[in-house]
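Asks: From first to last, the protein sequence lines stand for chains B and Z. Just so you know, we're using numbering that gives the first Met the number 0 here: the first sequence kicks off at 0 and counts up by one. Just so you know, we're using numbering that gives the first Met the number 0 here: the second sequence kicks off at 0 and counts up by one.
Just so you know, not all the hints are guaranteed correct.
[To be verified] What follows is a list of derived Cβ distance ranges for each label pair:
1) Z:R54 with B:N355: 51 to 57 Å
2) Z:I6 with B:E94: 52 to 58 Å
3) Z:Q72 with B:N75: 27 to 33 Å
4) B:V314 with Z:G61: 40 to 46 Å
[Unchecked claim] Just a sample of chain B residues kept apart from chain Z, beta carbon distances all over 12 Å, derived:
5) G22
6) G107
7) P127
8) G159
9) K186
10) D261
11) K345
[Claimed, not checked] What the simulated footprint calls covered on chain Z by chain B, stretch by stretch (three residues with Cβ under 8 Å from a Cβ of chain B suffice, anywhere in the stretch; the number is not a length):
12) 23-31
13) 48-56
14) 60-70
Don't read these hints as lab results, they were simulated from the structure. All C-beta atoms in this analysis are idealised placements derived from N, C-alpha and C, irrespective of residue type, glycine included.
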Amino acid sequence: MKVAIIGAGVMGLSTAYYLSKSGIDVTVFEQKYLLYGASGRNSGGITPMIDREELIPFALESMKLYDTLPSEVDFNFLLRKEGYVKLASSERDAETLKEEVWMQNRFGVSSRIMTPEDVRDFIPDFNPDSAVLASYCRESGVIFPWPVVWGLAKGCRKHGAEIKTQSRVERIETNGSKLIVYSNGEKYRFDFVVNSAGAWSNEISKMVGIELSNRIIKEEVCVTESIKPYINPYIYDISSGVYVTQTARGEIIGGITGMEVDKIDTSSTIEFAIRYAKRVVQIIPKLKGLAMLRQWAGVYDEGRDGLPVIGFTEVEGFVQANGLGKHRGMVIAPALGKELARLIEKGENPSIKKFNPERL
Amino acid sequence: MVKGRKIVCRCEDLTEGEIIHAIEEGYNDLESLKRYTGATTGACQGKGCLMHIIRILSQKTGKSPDEIGVTTQRPPVNPVPLYILSEGDVE
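Chain B on its own, in the form it takes in the complex (with noise of 0.2 Å):
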């Protein structure tokens, strides 16, 4: 069985590694190098308390596999598990962040409502009149995403798949039960071809005649100057979109959940950077004369119910493997890539049934 996957973001390479690991002869595509799409450009916050009960499971059994991949690959993640913090500053929010609480102990995850004032147990600096309430879950933290990335990829060619950089797909036709794959002028012949092009997925769908329409959302990131560490938990205000956390090495990281966007585009705007540095300063007051150094944009995608879209399509042998969604895509895709990786080999998996294309 030889398998392509296109686009080494964390949840290609995450199927490509289950798929290696078992002998499977998989060739990852990846349009231009490691990192340049959403599993570069993310600030890294993991956590189980996510608002969508069907991702649960995945983001809890994620959680595990972070915990053993990197001896597997021989990669250091930079995982630090310090908790997670979510914020609401209005009462319609503040109901919401109860319900999700409500939601996520009955499947099985330890996060419980707290006061602002009780945030700043972890938070020294936390300035509790920014929220009117606060969920915590001490099972999350913050993982680096980048070498998660070269850590996957390492596993992957030790289990001798193949991952080509600068290699963009141009062209994917049927022929009879194969799949050909035309990219830098060779074509390539394939049992299996998994979209996993994050925002580029509705481009590559479109090759075999399929329409996925994913949402794709643009997100703005930036980061400070680094500082000794200083914030533990990362922090994720449900009613400004604003997160902010420290990196490994020191750098406050923060960005604004993204917003649906006509096509790609990864422009930086000055209207971001002052809504970030409004919102974050009443969070932590004592940010304010931190400098911001540089700032980016990431694009990504979300399945048009909200859930992700995994699984095989009405074409034979072209499998989907995108749509994973805001704030979450780093912490259900190792689990996402296993199970996918089990339906690719073994032609059914009912753990990851209701993400089939098929439902849309």
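Chain B is already provided as a structure; the job is to place chain Z on it using the hints.
Replies: Structure of chain Z alone, referenced to chain B:
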């Protein structure tokens, strides 16, 4: 020993030997080399080190500086404190 430590990136405290090691590990395009080593991502944002990194990459890979290119330039040009940004106007 100290003599052999040729610092090429002062913000991230990187030596020429470390850059060469990363290139040999396979991080042999500028964008990957930047991310793997942290060169050009410190306080100077590449103003002090980018040319050294390009030179070393050129010497190691045989590619011309034109072929190597430069890293994506991102705002702001100089560091800006958050309190100044927070006083900005948005519609």
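Asks: Look at each hint and say if it fits the structure.
Replies: Each hint, compared with the structure:
Between R54 (chain Z) and N355 (chain B) the Cβ separation comes to about 52 Å, which falls inside the hinted range of 51 to 57 Å. Between I6 (chain Z) and E94 (chain B) the C-beta distance comes to about 55 Å, which sits within the given range of 52 to 58 Å. Separation of Q72 (chain Z) from N75 (chain B) is about 30 Å and conforms to the stated range, judged on CB atoms against 27 to 33 Å. A C-beta distance of roughly 43 Å is found between V314 (chain B) and G61 (chain Z), which places it inside the suggested range of 40 to 46 Å.
Against chain Z, the non-interface label of G22 (chain B) holds: every CB pair exceeds 12 Å, the least being about 24 Å. Residue-level check passed: G107 (chain B) sits 35 Å from the nearest beta carbon of chain Z, beyond 12 Å. Every beta carbon of chain Z lies more than 12 Å from that of P127 (chain B), the smallest distance being close to 19 Å; the non-interface claim holds. Every Cβ of chain Z is farther than 12 Å from the Cβ of G159 (chain B); the closest lies at roughly 16 Å, confirming the non-interface assignment.
The beta carbon of K186 (chain B) is kept farther than 12 Å from every beta carbon of chain Z, the shortest such distance being approximately 25 Å. Taking the minimum C-beta to C-beta distance to chain Z, about 20 Å, the non-interface status of D261 (chain B) holds against the 12 Å cut. K345 (chain B), annotated as away from the interface, keeps every beta carbon of chain Z farther than 12 Å; the closest lies near 33 Å. Figure legend: the segment 23-31 of chain Z, annotated as covered by chain B; annotation consistent (3 residues with Cβ-Cβ distances under 8 Å, at least 3 required).
For the segment 48-56 of chain Z, the stated coverage by chain B is violated: 0 residues have a C-beta nearer than 8 Å to a C-beta of that chain, whereas at least 3 were required. Restraint check on the segment 60-70 of chain Z versus chain B: 0 residues with Cβ-Cβ distances below 8 Å, three needed, restraint violated.
When the structure is compared with the earlier hints, violations turn up for hints 13, 14 and for no others.
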